[in-house]
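Residue numbers (full-length UniProt numbering), protein chains in the order written: chain H, 1 to 336; chain D, 1 to 308; chain Z, 1 to 542.
Simulated from the structure, these hints should not be mistaken for laboratory data. Just so it is clear, the structure is predicted and the values come from calculations on it, not from any experiment. Don't be surprised by glycine CBs; every beta carbon is placed ideally from N, CA and C. Each statement offered as a hint is correct.
List time: in silico EDC-like cross-link candidates among lysine to aspartate or glutamate, alpha-carbon distance up to 16 Å:
id: 1; chain 1: D; residue 1: K252; chain 2: Z; residue 2: E402
id: 2; chain 1: Z; residue 1: K109; chain 2: Z; residue 2: E167
id: 3; chain 1: Z; residue 1: K427; chain 2: H; residue 2: D48
Which chain D residues face chain H? A few, computed with CB under 10 Å, are given here:
id: 4; residue: D146
id: 5; residue: A150
id: 6; residue: A287
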Amino acid sequence: MRAVARRLATIVPTLIGVVIVTFLLTRVLPGDPAAYFAGPTADQASIDQIRAALGLDQPLPVQFAAYVKDLATGNLGNALSTGQPVLTELAARLPASAELTLTALLISMSIAIPLGILAAVKEGSFIDHVCRVVTTAGVSLPVFFTGLLFVYVFYYLLGWAPAPVGRLDVYFTEPERITGFFTIDSLLAGDLETFRAAASQLFLPAATLALFSLAPIARMTRASMLSVLSSEFIRTARAAGLRSRTVILAYAFRNAMLPVVTTLGMVFSFLLGANVLVEKVFAWPGVGSFAVEALIQSDYAPVQGFVLAMALLYVALNLVIDLVYGLIDPRVRLEA
Amino acid sequence: MSNVDLSVAAAAPLPGPAATPARPATGFAAALSHARYVATSNPVTGFAFALFFLITLAAIVGPVIAPYDPLASDTAAALQPPSAAHWFGTDQVGRDIFSRVLVATRLDLVIAICSVALVFCLGGFAGICAGFFGGWTDRIMSRVSDTIMAFPLFVLAMGIVAALGNTVTNIVIATAIVNFPLYQRIARAEANIRREAGFVQAARLTGNSEMRILLTQILPNIMPIMAVQMSLTMGYAILNAAGLSFIGLGVKPPTPEWGIMVAEGAGFIISGEWWIALFPGLALMIAVFCFNLLGDGLRDIIDPQRRT
Amino acid sequence: MDRRAFLASASSAAAAGLLGSGLPWARAFAQGAKQDTLLLISENGPNNLDIHGVGANRPGYEAAWNCYDRLVTYGIKTLPDGSRSYDKDVIAPELAESWQADDKGITFKLRKDAKFHDGTPVTAADVKWSFDRAVTVGGFPTTQMAAGSLLKPEQFSAVDDHTFRVEFVRPDALTLPDIAVIVPAVFNSALVKKNATEKDPWGLDYTKNNVAGGGAFKVAKWTPGAEVVYARYDDWKSGPLPDLKRVIWRTIPSAGNRRALVERGDADVSFDLPAKDFSEMKKAGKVAVASTPISNGMWSIEMNVTKPPFDNVKVRQAIAYAIPYQKIMDAVLFGEAKPLFGAASNKPDDLSWPRPAAYTTDIAKAKALLAEAGLAEGFETRLSFDLGQGVVGEPVAVLIQESLAQIGIKAAIEKVPGANWRGEMAKKSMPFMINFFSGWLDYPEYFFFWAYHGQNAVFNTMAYKNPALDKEVDAARAAAASGDKATYEASVKKMIEIAYDDAPRIPLFQPYLNVAMQKSIGGYAYWFHRQLDYRSLVKTVA
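Using the sequences and the hints, build the whole thing.
Given below as C-alpha cells:
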C-alpha cells in the first residue's frame, strides 16, 4: 500500500505540469476567439463585449487562477463550437472513441498476436519477413489517407461498407444508453438489427486504426516470444518430449504475455488520443475530432478538457498496469 | 499519426532489465563485415538499405532532374491523369506531380533529419545526464518526460505548431518535443547501467572529470542504440508532418511536401482523381517504410545477440 | 460448448431477434420514415439554436430560421434560369398579417391564430420582448438590428395583443427588409423569462439548447457536433404547412464523403458544395443540382492602404492587372462563378451589383504601372487567406503568387486558421489578402457601407478611408430612404466607379451557392442567408 501511495505521489507533479502547459499553450494560440465568435458584422465594440463575456480581457495569471478554480469544482468550461459544457461533451463522446479504439485493438490483436507468434516460431523464415513487411507497411501510411482510400474503395466503388455518417445509419435510433457502446447496448436491448447497423458503421474506421496498430503488437509479441522460447524451461519442456504446439501455446505464450499486455495498454491509451484524424474522416463523434476542431478555432476550454482527460487516462492506465504487473509477477516491484 | 511513435517505443529495448549489456565498441571493419552479413542474410534489411540509397539520391539530385518546374502552374493541363508527358499526372492548377514528388524528397528528408537531430541533442543529452548523475537532475528530467508523455502526442504537436505558426522550423520543433521523452528515457536507461561500469571506473581513476567521462566514455557507448531510435523516429517525423498538413497546419503552399500533397489530393479521391494523393502517398509510405525497416536492420547489426 | 448446443443457442437467439419487438419496428420505421424524412448533410452543425446567442455559428442561423418565425419574410421568385430564389423586393407576411408604414414608423397586425410550440398564443408583447432582446444583448444581433436603424427598446411598442409598432429613429429604406432577416425572430417570452436567471436576464443559456419559438419546425433531438433532428410543428399557421415531417441533419466533415453520400443516394441533400463537385455532378446527371449566385457577395483581393507600398494606387492597379483572372475561373471554379473582371469600363451603366471591374490580366501594363510607382524591381509581401475557405483560397493564392512573381512581387502565402482570421481582420494587420464578403441585404450601398466606408467596419480590411466615396455612400443611403431615385442611381454609380478605379479591393468573381439533391427533392429556394429553408422542400417517393 505504501508503494501505491508513493506511486500516486509521483503523478501529482505530472498533472500539475499538464495543467500549466495546456493553459499556456492554449493562450499562446494566435487566434482571437472573441473576434471569431462575434459573428459576421461585428465591430470592435461587440468584439470587446464578447471578449469581456469570455473573461479574455483579464491578465493571464487571473485567467489561470479562474481556470484552476473552475477545474477544482469540476467545471471545465463551455465548448464554443458546440455550445455545450466540455464535461458533458467529453462524457458523451468518450464512449464513441473508446468503442472505436477498443474494436480497433481487438481486430489488431486477433491479427498481430498470431502473426507475432508465428514470426517468432519460424524466426528468419519467409513468414517472419512477411510479418515484418506487412506490419511496417501498416504504420507507414498516414491514417487519414488509408481511411479515405477505404471509404473510396469499400463504400463508393464496391458498396460493401455503409455510408460514413458516424456511429449509426440515420434511419436507426440510438439504443438505450447503458455502456455508451452502441454495439453492446443494442445487444443488451436485444435489437440485432441495430447491432448490425452499429457494427457495420464501426468496421471501416476500426480497420483503419487497426492497420496502424498492428506493428507494435506484432513486434512485441515476436520479441517477447523469442526471449521466452530461448529460455531454460522451454528447452526443458521440449526435452521432456512435449508436443511443439503445447510448448508454444501453453508454456511459451503464457509467459510471453506480460510485455504484450503492457504494450496493449500503451497502444490503447495512445490510439484513444491519436485517432483524431480517423474520426475526422469517418464523421465519428468522438473526443479526438472534437479537440481538433476546437484547437483550430482557438477554443481553449475543450482543448484543455480533452488533454486533461487524456492525461488522466494515461496516468491511470499506467498505474493499473504497474499494479497488475506487480500482482502477476512478484519479482517486479514498484519503483518509486 | 503519432501512433507510429508507439511502434517505435515498443520496438525499442525497454529501459531497465531488458536493456543491452555494456559492450565495448567494435572496430569499423568488423561492423562493416557484420553489416554485409546482415544485409545478405536478411533480404528485407538489404532492401531497406537499397531504398534508403535511392531516397537519398532523389533528395540530392531531385531538383536537377525533375522534368518540370514543381511550382509552375498550367491550368490548361490541370487534373490530367498519368501520361507519358506527366508520369504521375497533374494537380488542380496543372503542376506536374512527378516533379513535385521528386523535389519534395529533399524537404521531407530535411524535416526528418533535423527533427531527429534536434531531439537527439535535447532528449539524448537530458537522458544521459539524468542517468549518469542521478539525483535531482534525474528527477526533474523524468518529470518533464512524464508530463510530455501524458499529452496525446499528436494534439500536442498540433498545439505547438498552431501556437508558433506553421513553418518548417516549427514543425521540426514540434516533432522533436513530442519525441523528447522517448530519447530521454532510452538514453537515461543506457547511461544509468553504465555509470559504474568498469571502463567508467577506470576513466575516473585516471583523473577524468565527470563531464569528460560523460562525453568520451558514456556517449559513444550509447550511440548505437540511439542510432536505431533515430532511424525509427525519422519515419514518424514525416508522418507527423503529413498529419499536420491534413488539418491545415503543414508547410506553406506552394512548397512541395509529400504530406501536404496527400492532404490536398485526399479531397480529390472521391471525385476520381486518385493520382493526386496516391503518388505522394506512395513516396511517403516508401520513405517511412524504409526508415522503419532500416531501424530494425540497424538493431540487428549493432546488437547481434538480440537476434537469437 | 459443443457444436450442437452452440447452433441451437444461436438459432434461438436469431429467432428471438426476429420475433422480438426491435426488428419489425425498426424496419417499419425505416420504410415509413423515408417518405417524409429528409436527410441533409453539411460540413458543420450548429453550436447554438438561438441566433442571439454569443458566438452562434452559421449552421445555428439555419436552425433559428426554421424554428422561429419573424413578423415578415421575403417572397420567392423564379430566376431566368428556372431556379428559385428569395425576392428582395417583395416583403411577405409571416407572423404579421399586414403592416402599414407611415412617416414615423410601421404598425404590424399579428395573425390571431399563431401559437408557440408549447401552445401559448403569440402576442405583440412577445414581439416587443424579442425586439428589445435583439437590440440589447449586444454582439452580432445588435449590430444587425442597427443596420436597419433598429437601435433601442424605446422604438418598439405593443399597442394591443395583436398590434406591434416600430418607431423610426431616422428614415431608412432598410428598416423593413431588416425585420425580415433572421435576427428579429419572435421568442416565447414567458417561456424564456421562466428560464432566465439574474446573471442571464435574456435567457440566452436556455435558448442555446432549447427552441422557444413557434416556427414550422421543432428540434426533436440535438447531438451537438453530430446531428440535429427536426420534427414538423403541425399547428404552424404562419405559412403553408411543410411537406416534410422530419428533417435529419448530419454533420459530415469530409467533402469527399459528402459527395459520395449524395451520389450513392444515401443522403437527400448536400448543402454548400465546392465548385468542382458541383460542376462534375451536374455533368454526371445522377443527382439534381442547383446553384445560385450569392447575392451581394464577392471574392476579392484586398490591400491594406495604410501599409506601403499598397498606399500607392499605381501599385494596387498594377496588381489588378497581374491577377490571372481566367486561370482562377478555370482551375479553381471550373467556370461555376460569375466573373467580375474584364468590363469595358469601371463606370457602371446600370445598377446591377456585384458588377465586373475593367481589369484584365495584362502583365506588360502591370509592369509599367509598377515602374511608374518607382517599384520596377518589385517588392516582398505576404498574401493571406482564411484556412476555413482553403478550397478556394489556396489554389487562388498559388496562382496569384505565381503571376505576381512575373512582375517582381514576391508574395509569401500565409494560411490563417479560421479563428485567427476574424481577429486579423479586426486588427487590420494583414497587408494583402484573398477574402470573401457578402451582405444579407442585397443593396450595393449596404455592401459599400460595410466593406468600403470610412466608418472602417471589420470588413473594410483595406482600412480604406476616402471622403469622396463616403459622401456617395451616405448620399445613396439617404436617397434610398427618401425615395429619390435619380440621386440614388447617380450616387451608386459614382461610388462603384471610385472604388474600382482606386482599387483597394479587386473583385475576382461572384461565387455560387451550390446544392446537390436527389431528384426526388423539390421546392428548393435560395435564401440571402445562404442556409437551407426546410419549409418549402418536398420529397416525392416513386
